[in-house]
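**Student:** The residues making up each chain are set out below.
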Amino acid sequence: MEKDISKTTEIKVDEIKIDQKRVEQFMGYSSRKMPENLKEIMEGEIEKKDVFSPRLFIREVDEKMLCENGILVPVVKKHLSDSDRVFSIIYTIGDEIDLKITEYMSSNDMIRGMFLDKIGVVALDYIKSQAKEYIEKSTGLNIVHQVYPGNTDFDAEKQLGIYGLFDGEVNDYININEYGQMSPIKSVAFLVFLR
Amino acid sequence: MDILDKIAQAVVDMDKESVKKYILKAIADDSTSVTDIYQNGLNKGMSEVLKLYDEKVYFLPEVVVCADALNEGISILREHGNIDKSGAIKVTMAVVEGDTHEIGKNIVKIMMEASGFDVVDLGVNQKSEDIVNHALDNNSDIIALSSMMTSTMKNMKNVIDDLNQKDHSNKPKVIIGGAPVSENFAKKIGADGYSENAPKAVELVRSVINSK
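For the protein sequence lines, the chains are X and L, in the order given.
With the first sequence counted from 1, adding 13 to any position gets you the numbering used here.
With the second sequence counted from 1, adding 15 to any position gets you the numbering used here.
Just so you know, the hints here were simulated from the structure itself, not pulled from any lab data.
The reader is advised that the hints may include incorrect statements.
[To be verified] Distance windows between CB atoms, simulated:
| hint | chain 1 | residue 1 | chain 2 | residue 2 | range |
| --- | --- | --- | --- | --- | --- |
| 1 | L | His-95 | X | Glu-191 | 41 to 51 Å |
| 2 | X | Asp-138 | L | Asp-44 | 44 to 54 Å |
| 3 | L | Gln-180 | X | Glu-53 | 28 to 38 Å |
| 4 | X | Asp-32 | L | Ala-194 | 43 to 53 Å |
| 5 | L | Asp-20 | X | Glu-28 | 41 to 51 Å |
[To be verified] Here are the simulated BS3-like cross-link-like pairs (lysine-lysine), alpha carbons at most 25 Å apart as the crow flies:
| hint | chain 1 | residue 1 | chain 2 | residue 2 |
| --- | --- | --- | --- | --- |
| 6 | X | Lys-46 | L | Lys-71 |
| 7 | L | Lys-36 | X | Lys-61 |
| 8 | L | Lys-31 | X | Lys-113 |
| 9 | L | Lys-31 | X | Lys-46 |
| 10 | L | Lys-105 | L | Lys-36 |
| 11 | L | Lys-202 | L | Lys-105 |
| 12 | L | Lys-36 | L | Lys-100 |
| 13 | X | Lys-52 | L | Lys-105 |
| 14 | L | Lys-202 | X | Lys-34 |
| 15 | L | Lys-202 | L | Lys-181 |
| 16 | X | Lys-46 | L | Lys-181 |
| 17 | L | Lys-100 | X | Lys-52 |
| 18 | X | Lys-46 | L | Lys-186 |
| 19 | L | Lys-181 | X | Lys-52 |
| 20 | L | Lys-188 | X | Lys-52 |
| 21 | X | Lys-113 | X | Lys-34 |
| 22 | X | Lys-25 | X | Lys-46 |
The model shown is predicted, which means the values in this text are computed figures rather than measured ones.
The C-beta atom is built at its ideal place from N, Cα and C for all residues, glycine as well.
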């Protein structure tokens with residue numbers, strides 16, 4: 014990958030594959046088998062792929078940009094000193110899933126909403142793994158550190174700083190409020206450090 | 016087994032269709048009131064469900080399926096009359112300012128309604144003064160607050176501070192919940208209780224009210 018820190022790149026997301034076991038775990042069934050009636054509901058919801066509108070953006074950043082966006086905090090400085098390149102990543106699965114969840118919740122089908130919520134989390138994890146794989150392949154480097162807003166040494170408001178690294182180029186798909194909450198709700202932003 | 020016990024059992028069995036069937040049967044029998052069906056059929060079943068959760072027989076998703084069955088029942092009851100909720104614990108519920116995560120709050124709401132509480136859900140991203148004013152105007156017993164972000168959980172304290180500044184003879188108790196929130200945080204901000212999940216929130220409301 015050519016080093017071009019001025020540009021945000023959109024990465025095409027392959028068809029999202031949902032790991033059923035992970036959904037079961039998120040629903041609390043790791044030590045015990047999920048009852049069959051629930052499993053049927055889960056499988057039905059996993060098949061509903063039309064609730065995803067994934068968008069994934071990456072941008073290579075440097076120390077100056079991190080500083081300008083207020084996120085050159087100790088943990089970031091430490092990882093910077095230990096790595097060769099840094100990328101910011103932001104992605105979403107869109108709004109449709111939450112609209113569907115709300116619809117379920119208001120029609121006495123809270124369980125489907127609950128499943129869909131966890132399926133959304135697993136979908137986000139899938140996109141994250143694609144993003145990481147893409148960056149590692151493109152750079153020929155390995156991700157050695159990751160920093161997420163909400164970590165103990167990188168509070169949730171720092172999400173504003175990561176969002177700011179994209180210079181408004183993702184605004185058509187993802188927005189953020191003053192508290193650092195992104196919209197669509199099922200959106201994630203984080204930093205990866207490579208060496 | 017009388018019809019109300021059958022309704023209760025259908026809730027425990029997560030059996031929406033039987034809940035509907037037995038409720039319609041009970042309604043057809045003029046001697047059973049809508050409130051009676053609600054309290055001694057649906058709510059009775061939910062009490063048993065929460066007991067099973069407490070005994071770790073049911074996991075949270077199973078409790079949720081039971082609540083769905085119960086709420087289906089409530090929908091039918093509402094078509095046939097008003098459920099008398101006088102004397103029920105009144106809860107004002109909201110997600111604090113800046114936060115629009117509502118799934119957890121919705122699950123707690125549905126679980127509380129299923130347990131017979133009179134719940135008003137103000138929704139997400141609610142300003143402190145609006146929550147406090149609504150709770151006081153409606154004589155709520157409980158304010159239940161949710162936040163899913165560390166950046167917004169501090170707004171729970173604003174609600175408690177605003178409530179403390181009000182001159183009111185019977186102020187509601189404040190309980191909190193949400194992923195970043197803990198028992199310690201609840202104590203730190205002066206909340207009256209914290210719950211880690213929806214079924215426990217129901218128990219918490221009862222214990223907070225009993226200690227009033």
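**Student:** Would you mind marking each hint as holding or not holding in the structure?
**Tutor:** Hint by hint, here is what the structure shows:
no.	hint	in the structure
1	His-95/L to Glu-191/X: 41 to 51 Å	47 Å, holds
2	Asp-138/X to Asp-44/L: 44 to 54 Å	52 Å, holds
3	Gln-180/L to Glu-53/X: 28 to 38 Å	52 Å, violated
4	Asp-32/X to Ala-194/L: 43 to 53 Å	22 Å, violated
5	Asp-20/L to Glu-28/X: 41 to 51 Å	49 Å, holds
6	Lys-46/X to Lys-71/L	14 Å, holds
7	Lys-36/L to Lys-61/X	30 Å, violated
8	Lys-31/L to Lys-113/X	21 Å, holds
9	Lys-31/L to Lys-46/X	22 Å, holds
10	Lys-105/L to Lys-36/L	30 Å, violated
11	Lys-202/L to Lys-105/L	23 Å, holds
12	Lys-36/L to Lys-100/L	23 Å, holds
13	Lys-52/X to Lys-105/L	35 Å, violated
14	Lys-202/L to Lys-34/X	37 Å, violated
15	Lys-202/L to Lys-181/L	20 Å, holds
16	Lys-46/X to Lys-181/L	50 Å, violated
17	Lys-100/L to Lys-52/X	36 Å, violated
18	Lys-46/X to Lys-186/L	45 Å, violated
19	Lys-181/L to Lys-52/X	49 Å, violated
20	Lys-188/L to Lys-52/X	39 Å, violated
21	Lys-113/X to Lys-34/X	22 Å, holds
22	Lys-25/X to Lys-46/X	36 Å, violated
Against the hints set out earlier in the document, violations occur for numbers 3, 4, 7, 10, 13, 14, 16, 17, 18, 19, 20 and 22.
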